[in-house]
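Chemist: My request is simple: use the sequences and hints to build the entire structure.
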Amino acid sequence: MDRQPLVSIVIPTYNRACDLGRALASVVAQTYCAWEALIVDNHSTDDTVEVVNRFNDSRIKLLSIHNDGVIAASRNLGITHASGEYVAFLDSDDWWRPEKLAQSVNALEQGADLVYHGMFLATRPGQRWFWRRARSRNLKSPVFRDLIANGTTLNTSSVVARRKVMQAINGFSEDQSLITAEDFDAWLRAAKITDRFVRIPRTLGYYWAGGGNMSGPRRTLLTIGTLESRYATAIRGVNAESEVYWIDYGRGRAHYRLGSYAAAKRAFALVRWRRSPISIYVKSRWMLLLINLHLHSQKSGAPCA
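Numbering (this note's numbering), first residue to last: 15 to 319.
There's no promise every hint is true.
[Said to hold, decoys possible] Cut-off 16 Å, straight-line C-alpha distance, at most; resulting in silico cross-link-like pairs (EDC-like, lysine to aspartate or glutamate):
hint, residue 1, residue 2
1, K178, E123
2, K178, D209
3, K154, D209
4, K206, D127
Rather than coming from a laboratory, the hints here were simulated on the basis of the structure.
Modeler: Written out as structure tokens, the structure reads:
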């Protein structure tokens, strides 16, 4: 009798056939074999179906959805169809190292409820050497407060969680104002019911950061505002001024990209010494310098450098 899949891998996709093939190849290459892969396709118009069929692996299943641009709906459909004790998430443009699932299951079987790890940054097609890594840190207890105070550190394609945890939080929010931040919101809600988040101290995957995703400055401002509203009480609990650096820094970057320099200046000025990582503080001071130079050149009528 075939063993029931212990890990259900949820892979949302839309018109990324080539990338999906790479992602699936990394799944098939896993040293841990008790898995099923649930491809949730938003009715792609490319050869996604052919790519999936090419693997000819009964553990790979194809689901279809019209998600109206809400990737959370695709992930939730995958969770609904999952039969494994654990649920892993993999975006179709990301991929894993062969030992990723074995390392993750080992940590979960030792008592973790949710595990994650570092990811290499892939920034160009055909990249062969990977040096840069997405920011990742160990979370301190209570995990919920750490996430509120310091922002997310969990790349979705690195996460494997107990299915019962994802069910307990009703999966990912499908609120359109949280698009691109629905994963962070999910980890916050998970941290309200468990503190057993474990970071595997290895870099076990590759995150595509070369463009083509849904993030943008206006979207960033919208999601920050939604998170700020949803977790206002928790944010006020961080410090008397209700200031958390990731909100101010993220808002400053978004305003700067939009050319709203006065608003960007106000946001960067709120990133305080000793309340933020030194790298974020230094970047904020640098951005303030650039903004002041730009505003001065505008006032004097001199051309911008």
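Chemist: Each hint: holds or not?
Modeler: Do the hints match the structure? See the list:
1. At roughly 14 Å between alpha-carbon atoms, K178 and E123 fall within 16 Å of each other, so this suggested pair holds.
2. Under the criterion of a C-alpha separation no larger than 16 Å, the hint pairing K178 with D209 is consistent with the structure, at around 15 Å.
3. Under the criterion of a C-alpha separation no larger than 16 Å, the hint pairing K154 with D209 is consistent with the structure, at around 9 Å.
4. Pair hint K206 plus D127 holds up; C-alpha atoms about 12 Å apart against a cutoff of 16 Å.
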